[in-house]
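A.B. asks: What follows is the residue order along each chain.
2 protein chains.
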Amino acid sequence: MRRGRGRGRGRKRAVMQQEVASRLSRLIEPAVLYLLGTGQASHGYDMLSEVNKMGLTDAEVDPGAIYRVLRALEEEGAVVSDWDTSGGGPARRNYELTDIGRARLASWVEVIERRAEAMLEFVERARELFEAEIHE
Amino acid sequence: MRRGRGRGRGRKRAVMQQEVASRLSRLIEPAVLYLLGTGQASHGYDMLSEVNKMGLTDAEVDPGAIYRVLRALEEEGAVVSDWDTSGGGPARRNYELTDIGRARLASWVEVIERRAEAMLEFVERARELFEAEIHE
DNA sequence: CTCTATATGTGCAACACACATATAGATACA
DNA sequence: TGTATCTATATGTGTGTTGCACATATAGAG
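Protein chains in written order, with our numbering: chain A, 1 to 136; chain B, 1 to 136.
In case anyone wonders, no lab produced these hints; they're calculated from the structure.
Don't take each hint at face value.
Stated by the list, open to error - Keeping only pairs whose Cα atoms sit at most 20 Å apart, straight-line, the calculated DMTMM-like set for lysine to aspartate or glutamate is:
1) B:Lys53 - A:Glu113
2) A:Lys53 - B:Glu117
3) B:Lys53 - A:Glu121
4) B:Lys53 - A:Asp58
5) A:Lys53 - B:Glu75
6) A:Lys53 - B:Asp82
7) A:Lys53 - B:Glu124
8) A:Lys53 - B:Asp99
9) B:Lys53 - A:Asp82
10) B:Lys53 - A:Glu128
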């Protein structure tokens with residue numbers, strides 16, 4: 001046999017550029033990009049509370065996850081950072097969105113919209129199933 | 001230090017009963033439960049094509065993933081199976097939804113709906129951000 | 001007897017994530 | 001001066017899910 005399904009199917013492994021679609025799970029990345037875009041948060045620690053307020057990421061987000069996402073985004077050139085030693089407290093790493101980051105957010109928006117619509121359609125169909133079961 | 005954020009925060013780890021929310025990832029499980037509920041598919045191989053048609057799972061689903069999900073569901077009592085040797089070809093394992101499985105699908109529906117709404121809200125807000133950027 | 005389609009399954013590596021922990025500056029207060 | 005707390009960033013690790021490749025088995029077509 002040959003595998004039954006997707007022989008070529010294109011999706012090689014999401015190496016290098018990492019397609020956004022492959023990271024839907026917790027949606028931390030788009031949330032972070034959005035917060036940087038609006039200026040609601042510019043460093044990791046602030047995002048912690050803001051991301052949790054957004055609701056996009058369902059449960060409470062781990063601080064470690066935020067910092068790792070920011071690092072990964074910087075490696076890809078989606079954000080740039082510099083240390084901010086002004087103000088009291090420990091130094092904070094200030095992040096800013098680049099054009100790459102804005103483009104990335106835009107493609108996230110498309111992906112999330114499609115997925116959300118598919119999910120709502122699923123919810124509808126599943127509810128129909130429940131009703132059919134009751135009336136039988 | 002103490003952890004900074006969520007000390008108590010309840011979410012112990014999703015042991016034992018596995019809360020549905022923690023498995024949002026590819027949404028294979030709810031898709032499978034739904035297909036069993038409607039009778040559109042009763043064994044793994046059929047689900048492969050049906051699941052992919054549904055769109056819930058974004059990309060094409062791996063057969064291995066389907067079989068593993070079915071196994072896990074059976075361990076939890078959400079489905080029961082028996083071998084079907086009638087008909088030509090290799091034996092197929094026929095699955096049926098239990099009450100536990102129906103309840104599980106119902107709780108998936110709630111989780112997915114909430115998530116999908118949060119996602120659409122995010123999409124809206126992000127689009128507003130883009131428009132604000134254009135007009136400045 | 002081989003080829004193909006159907007069907008189920010496993011081993012492995014890569015990865016995302018939750019949880020825990022480490023480090024350290026700043027501030028309050030006893 | 002000591003110590004507790006808050007702010008802030010970061011790493012280490014175990015677990016679960018996934019993609020991919022591979023293994024296996026039955027049956028029908030030629």
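A.B. asks: Run every hint past the structure and note whether it holds.
C.D. replies: Now for the hints, and whether the structure bears them out:
no.	hint	in the structure
1	B:Lys53 - A:Glu113	18 Å, holds
2	A:Lys53 - B:Glu117	15 Å, holds
3	B:Lys53 - A:Glu121	13 Å, holds
4	B:Lys53 - A:Asp58	27 Å, violated
5	A:Lys53 - B:Glu75	36 Å, violated
6	A:Lys53 - B:Asp82	47 Å, violated
7	A:Lys53 - B:Glu124	16 Å, holds
8	A:Lys53 - B:Asp99	35 Å, violated
9	B:Lys53 - A:Asp82	46 Å, violated
10	B:Lys53 - A:Glu128	18 Å, holds
Hint check: violations occur at hints 4, 5, 6, 8 and 9; the rest are consistent with the structure.
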